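Let chain D serve as the given structure and place chains C and W on it in line with the hints.
Residue numbers (the working numbering), protein chains in the order written: chain D, 46 to 254; chain C, 46 to 254; chain W, 46 to 254.
Please keep in mind that the hints were generated in silico from the structure rather than gathered at the bench.
Just to be clear, a hint being listed does not mean it is correct.
Because identical chains share one entry, a pair is satisfied inside a single copy or across any pair of copies.
[Stated by the list, open to error] Lysine to aspartate or glutamate pairs mimicking EDC-like chemistry, simulated, CA-CA at most 20 Å apart: (1) Lys185 x Glu77; (2) Lys146 x Glu227; (3) Lys173 x Glu240; (4) Lys149 x Asp237; (5) Lys92 x Asp202.
Model, not experiment: these values are computed from the prediction.
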Amino acid sequence: MIRKFLPREFNFFDLFEKQADYAIDAAKTFKEIISVSAVVDEAAYQKIRTLEHQADDAAHTIMDQLNKTFITPFDREDIHSLTKEMDNILDMFNTITNRLKVYKLPGGNKQLMEFAGIIELSVSSIAKAVKGLRAYKDTKAILDACAEVNRLENVGDGMRDHVLAGLFETAKDPIAIIKWKEIYEDAETMLDICEDVAHVVESILVKQA
Amino acid sequence: MIRKFLPREFNFFDLFEKQADYAIDAAKTFKEIISVSAVVDEAAYQKIRTLEHQADDAAHTIMDQLNKTFITPFDREDIHSLTKEMDNILDMFNTITNRLKVYKLPGGNKQLMEFAGIIELSVSSIAKAVKGLRAYKDTKAILDACAEVNRLENVGDGMRDHVLAGLFETAKDPIAIIKWKEIYEDAETMLDICEDVAHVVESILVKQA
Amino acid sequence: MIRKFLPREFNFFDLFEKQADYAIDAAKTFKEIISVSAVVDEAAYQKIRTLEHQADDAAHTIMDQLNKTFITPFDREDIHSLTKEMDNILDMFNTITNRLKVYKLPGGNKQLMEFAGIIELSVSSIAKAVKGLRAYKDTKAILDACAEVNRLENVGDGMRDHVLAGLFETAKDPIAIIKWKEIYEDAETMLDICEDVAHVVESILVKQA
Numbered sequence: 046m047i048r049k050f051l052p053r054e055f056n057f058f059d060l061f062e063k064q065a066d067y068a069i070d071a072a073k074t075f076k077e078i079i080s081v082s083a084v085v086d087e088a089a090y091q092k093i094r095t096l097e098h099q100a101d102d103a104a105h106t107i108m109d110q111l112n113k114t115f116i117t118p119f120d121r122e123d124i125h126s127l128t129k130e131m132d133n134i135l136d137m138f139n140t141i142t143n144r145l146k147v148y149k150l151p152g153g154n155k156q157l158m159e160f161a162g163i164i165e166l167s168v169s170s171i172a173k174a175v176k177g178l179r180a181y182k183d184t185k186a187i188l189d190a191c192a193e194v195n196r197l198e199n200v201g202d203g204m205r206d207h208v209l210a211g212l213f214e215t216a217k218d219p220i221a222i223i224k225w226k227e228i229y230e231d232a233e234t235m236l237d238i239c240e241d242v243a244h245v246v247e248s249i250l251v252k253q254a
Numbered sequence: 046m047i048r049k050f051l052p053r054e055f056n057f058f059d060l061f062e063k064q065a066d067y068a069i070d071a072a073k074t075f076k077e078i079i080s081v082s083a084v085v086d087e088a089a090y091q092k093i094r095t096l097e098h099q100a101d102d103a104a105h106t107i108m109d110q111l112n113k114t115f116i117t118p119f120d121r122e123d124i125h126s127l128t129k130e131m132d133n134i135l136d137m138f139n140t141i142t143n144r145l146k147v148y149k150l151p152g153g154n155k156q157l158m159e160f161a162g163i164i165e166l167s168v169s170s171i172a173k174a175v176k177g178l179r180a181y182k183d184t185k186a187i188l189d190a191c192a193e194v195n196r197l198e199n200v201g202d203g204m205r206d207h208v209l210a211g212l213f214e215t216a217k218d219p220i221a222i223i224k225w226k227e228i229y230e231d232a233e234t235m236l237d238i239c240e241d242v243a244h245v246v247e248s249i250l251v252k253q254a
Numbered sequence: 046m047i048r049k050f051l052p053r054e055f056n057f058f059d060l061f062e063k064q065a066d067y068a069i070d071a072a073k074t075f076k077e078i079i080s081v082s083a084v085v086d087e088a089a090y091q092k093i094r095t096l097e098h099q100a101d102d103a104a105h106t107i108m109d110q111l112n113k114t115f116i117t118p119f120d121r122e123d124i125h126s127l128t129k130e131m132d133n134i135l136d137m138f139n140t141i142t143n144r145l146k147v148y149k150l151p152g153g154n155k156q157l158m159e160f161a162g163i164i165e166l167s168v169s170s171i172a173k174a175v176k177g178l179r180a181y182k183d184t185k186a187i188l189d190a191c192a193e194v195n196r197l198e199n200v201g202d203g204m205r206d207h208v209l210a211g212l213f214e215t216a217k218d219p220i221a222i223i224k225w226k227e228i229y230e231d232a233e234t235m236l237d238i239c240e241d242v243a244h245v246v247e248s249i250l251v252k253q254a
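The following block holds chain D by itself, in its conformation from the complex (with noise of 0.2 Å):
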């Protein structure tokens, strides 16, 4: 069983929940800054960079905290495997927007939007998988929450596999190839990142068990 924490002792869940928060604010910014037609200028990667320093925070308070606590919620390296991926979420946020940025690449694409929708969705259940670890009562919710991001991990498998068929086919600008190519790629790492989030809070229920 999860030990209980003593009031006035160090709250790993609330941080937990900041983290996944500040996943969320980021998918959700994400998706309207790549539905705009516009490049993504430097305003709009701010958003992103913004939650990201937030994210980082977190972290580096929970690390902090992890040095200087005896009694934890769950095994320290569960702890320190649990922040470090869920910051990677917001990483991802960060690199991906910053190269939209960089490659002058204009909003609206489809494809990108399709994958902005299937992140959005995957980083919605990371948040209900991890903000369930606090009451833990409910396992069973939290085990769907990550069997539906190992899901939509797979979605995001194929629709890597067919964007890029299509962009091979349809694109002749070698250059346009290169910075999509990357982008595709990079929105399909967001949801393997989703996934290792997904299986460490697994591996912390199979150990609670």
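Same frame as chain D, now just chains C and W:
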């Protein structure tokens, strides 16, 4: 010394050997697929995909048992690493074959066939090393197999450099360069992964010495 | 407090300093190689290759001794991480120089020379931090060196974005884009690796505090 298992205990070695056999099957299947001059189609890809799924099941069984078993033949983290690295071999066969399909690349490419030959040799040395762990008498044979994997990885490095240099010199179509460059790099990564497996095996032997 | 070694015990610090010196040599050699206008040839590449081999030997000696030594100056896993990350610096110099050779790229590229300057600064700060671990008195100086490495990584991120944006704007030949894009990304990765080393050093200090 490696602790002997009681008859009814879970036998990790059986599963490691299963993983090794799937890797050998995949190496052989991959070589066949790319020797045919036709483009890699869905049917060809599914042969590799099926092996990857079966290998996945074996890996999951090992991980499950690892969580349930008190006595293990060697360090838990080494069982974990060995299982995961062996699984990476199958994942990489899946990645490269899928990419050939998505990129609609024709078979019969001599450079890739040469790579596939080296990969088959490396995987078969891996299988020899991994299977040697069970009896664990002939340490020299295991270490020789690992040394061969390391040697083949160096051969692969040189081959990749040579093939890429040639590609950039002769290919005039940048899109073909983008595609084949990635395939050749994947092929070399296969040999890197085999080397990672060999390193895990070597470190298991060191600890048991 | 860092435990003092008896005179005849293996001195890990000597080897860490050796690794740091090889990194400094490689940074200097790399800067020289790419400043010359000629294409990077085999002779130039071998200078880096030789340093990488020597650094490899130092890393192997550390790992060997780690398995044999009971008392270590700090956590075994930190010695392992520090050694491995330091080794990654030399591996990356090898990778980028080899790529320049394989791609037959001319030297004298101003952007890359600027990167090489930043890399040299970062590596020299790494050396300062790592060498500081021995005496371990002036914690502030070590942490300042780590902070400088982190700062330079941020500089490198901005430089890569700027250089890639420029490359896509000015270069008309997609094949040149493919090649240089990879080189610039490698250069930025060098700074990421230095940051990873700095993080290991920082975490060693935290534990010893």
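Taking the hints in turn, this is what the structure says about them:
no., hint, in the structure
1, Lys185 x Glu77, "neither (32 Å within a copy, 44 Å between copies)"
2, Lys146 x Glu227, "both (13 Å within a copy, 18 Å between copies)"
3, Lys173 x Glu240, "within (14 Å within a copy, 33 Å between copies)"
4, Lys149 x Asp237, "neither (25 Å within a copy, 24 Å between copies)"
5, Lys92 x Asp202, "between (28 Å within a copy, 18 Å between copies)"
The structure fails to meet hints 1 and 4 from the earlier list, while all remaining hints are met.
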